[in-house]
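So the protein lines, in turn, are chains W and E.
Note that this note's numbering has the first sequence beginning at 1, numbered continuously upward.
Note that this note's numbering has the second sequence beginning at 1, numbered continuously upward.
Hints were generated in silico from the structure; no laboratory data involved.
Since the structure is predicted, the reported quantities are computational estimates derived from the model, not experimental observations.
Where is the CB? At the ideal position from N, CA and C, for every residue including glycine.
Wrong hints could be hidden among the right ones.
Stated by the list, open to error - To give an idea of the interface, some chain W residues facing chain E are shown, with a C-beta separation under 8 Å as derived from the structure:
{"no.": "1", "residue": "31"}
{"no.": "2", "residue": "33"}
{"no.": "3", "residue": "45"}
{"no.": "4", "residue": "61"}
{"no.": "5", "residue": "64"}
{"no.": "6", "residue": "96"}
Stated by the list, open to error - Quick list of in silico lysine-lysine cross-link-like pairs, DSSO-like style, CA-CA up to 27 Å:
{"no.": "7", "chain 1": "E", "residue 1": "68", "chain 2": "E", "residue 2": "55"}
{"no.": "8", "chain 1": "E", "residue 1": "49", "chain 2": "W", "residue 2": "57"}
{"no.": "9", "chain 1": "W", "residue 1": "57", "chain 2": "W", "residue 2": "18"}
{"no.": "10", "chain 1": "E", "residue 1": "15", "chain 2": "E", "residue 2": "49"}
{"no.": "11", "chain 1": "E", "residue 1": "45", "chain 2": "W", "residue 2": "11"}
{"no.": "12", "chain 1": "W", "residue 1": "18", "chain 2": "W", "residue 2": "65"}
{"no.": "13", "chain 1": "E", "residue 1": "55", "chain 2": "W", "residue 2": "65"}
{"no.": "14", "chain 1": "E", "residue 1": "49", "chain 2": "E", "residue 2": "68"}
{"no.": "15", "chain 1": "E", "residue 1": "45", "chain 2": "E", "residue 2": "15"}
{"no.": "16", "chain 1": "E", "residue 1": "68", "chain 2": "E", "residue 2": "45"}
{"no.": "17", "chain 1": "W", "residue 1": "57", "chain 2": "E", "residue 2": "55"}
{"no.": "18", "chain 1": "E", "residue 1": "45", "chain 2": "E", "residue 2": "55"}
Spelled out, the chains give:
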Amino acid sequence: EAAVTQSPRNKVAVTGGKVTLSCNQTNNHNNMYWYRQDTGHGLRLIHYSYGAGSTEKGDIPDGYKASRPSQENFSLILELATPSQTSVYFCASGEYEQYFGPGTRLTVL
Amino acid sequence: GDSVTQTEGLVTLTKGLPVMLNCTYQTTYSPFLFWYVQHLNEAPKLLLKSSTDNKRTEHQGFYATLHKSSSSFHLQKSSVQLSDSALYFCALSGNNYAQGLTFGLGTRVSVFP
Numbered sequence: 001e002a003a004v005t006q007s008p009r010n011k012v013a014v015t016g017g018k019v020t021l022s023c024n025q026t027n028n029h030n031n032m033y034w035y036r037q038d039t040g041h042g043l044r045l046i047h048y049s050y051g052a053g054s055t056e057k058g059d060i061p062d063g064y065k066a067s068r069p070s071q072e073n074f075s076l077i078l079e080l081a082t083p084s085q086t087s088v089y090f091c092a093s094g095e096y097e098q099y100f101g102p103g104t105r106l107t108v109l
Numbered sequence: 001g002d003s004v005t006q007t008e009g010l011v012t013l014t015k016g017l018p019v020m021l022n023c024t025y026q027t028t029y030s031p032f033l034f035w036y037v038q039h040l041n042e043a044p045k046l047l048l049k050s051s052t053d054n055k056r057t058e059h060q061g062f063y064a065t066l067h068k069s070s071s072s073f074h075l076q077k078s079s080v081q082l083s084d085s086a087l088y089f090c091a092l093s094g095n096n097y098a099q100g101l102t103f104g105l106g107t108r109v110s111v112f113p
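Chain W with its partners taken away, still in its complex shape (with noise of 0.2 Å):
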């Protein structure tokens, strides 16, 4: 089965503060996502990537950016950590079925 991972699981971060969550497949996916799931919302799309070099918006990519510096990594940065950007947040990669990664509880205080 792929094989997604994610660093850290957990993170404390304070307003304004800047966070990185990092994602590594090593299945050799071309296609990888950043999800964040809350309560009411399900699981919605912040940024993707086609392949390294390249990152495309999602469906809710303010206060976000994302890196794909390889074939294996994809990074989620919040530059300026605000409250609302308290939540779960998933890795996932794939062609057409995704693989997600367990998950990084981000709580911003």
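Please arrange chain E on chain W, whose structure you already have, making use of the hints.
Leaving out everything else, chain E in the frame of chain W:
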């Protein structure tokens, strides 16, 4: 844009009973539908997928049939187990699969002894 509707937020039932979770979608493109299951504090995992009209797909006792005429992809199981307690998401890939999935809000299933 694309959308997915799951009408039940919570389904509670007794072990051994059948269950059906509703999923309808809207897209102007040829759809690829998925069901994901998420157990507590775990990642979503693929349960079923289909892009073929009127063909039943099955996995781990769950089954679903994509009906393009009614834009539906309902998930069913004939006899639920305690381990089926989880959050179930229906998801849609429309125009370009590489652009990510559109998820429904999810249905939480709680199975009691």
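Evaluation of the provided hints:
1. 31: It holds, given that the least Cβ distance between residue 31(W) and chain E is near 5 Å, below 8 Å.
2. 33: Holds: closest Cβ of chain E sits about 5 Å from residue 33(W), inside 8 Å.
3. 45: The hint holds - residue 45(W) has a Cβ within 8 Å of chain E, the shortest such distance being about 4 Å.
4. 61: violated (12 Å)
5. 64: Since chain E brings no Cβ nearer than about 14 Å to residue 64(W), farther than 8 Å, the hint is violated.
6. 96: holds (5 Å)
7. 68(E) - 55(E): Answer holds: residue 68(E) to residue 55(E) is near 11 Å, not above 27 Å.
8. 49(E) - 57(W): holds (25 Å)
9. 57(W) - 18(W): holds (19 Å)
10. 15(E) - 49(E): It holds: about 25 Å lies between the C-alpha atoms, which stays within 27 Å.
11. 45(E) - 11(W): Judged against 27 Å, a Cα distance of about 23 Å means the pair holds.
12. 18(W) - 65(W): holds (11 Å)
13. 55(E) - 65(W): violated (40 Å)
14. 49(E) - 68(E): holds (14 Å)
15. 45(E) - 15(E): Measuring from Cα to Cα gives roughly 22 Å; hence the hint holds.
16. 68(E) - 45(E): Status holds; Cα separation ~24 Å.
17. 57(W) - 55(E): Between residue 57(W) and residue 55(E) the Cα gap is close to 34 Å, so the pair fails against 27 Å, i.e. violated.
18. 45(E) - 55(E): Between residue 45(E) and residue 55(E) the Cα gap is close to 22 Å, so the pair holds against 27 Å.
In summary, the structure is inconsistent with hints 4, 5, 13, 17 from the numbered list given earlier, while agreeing with the others.
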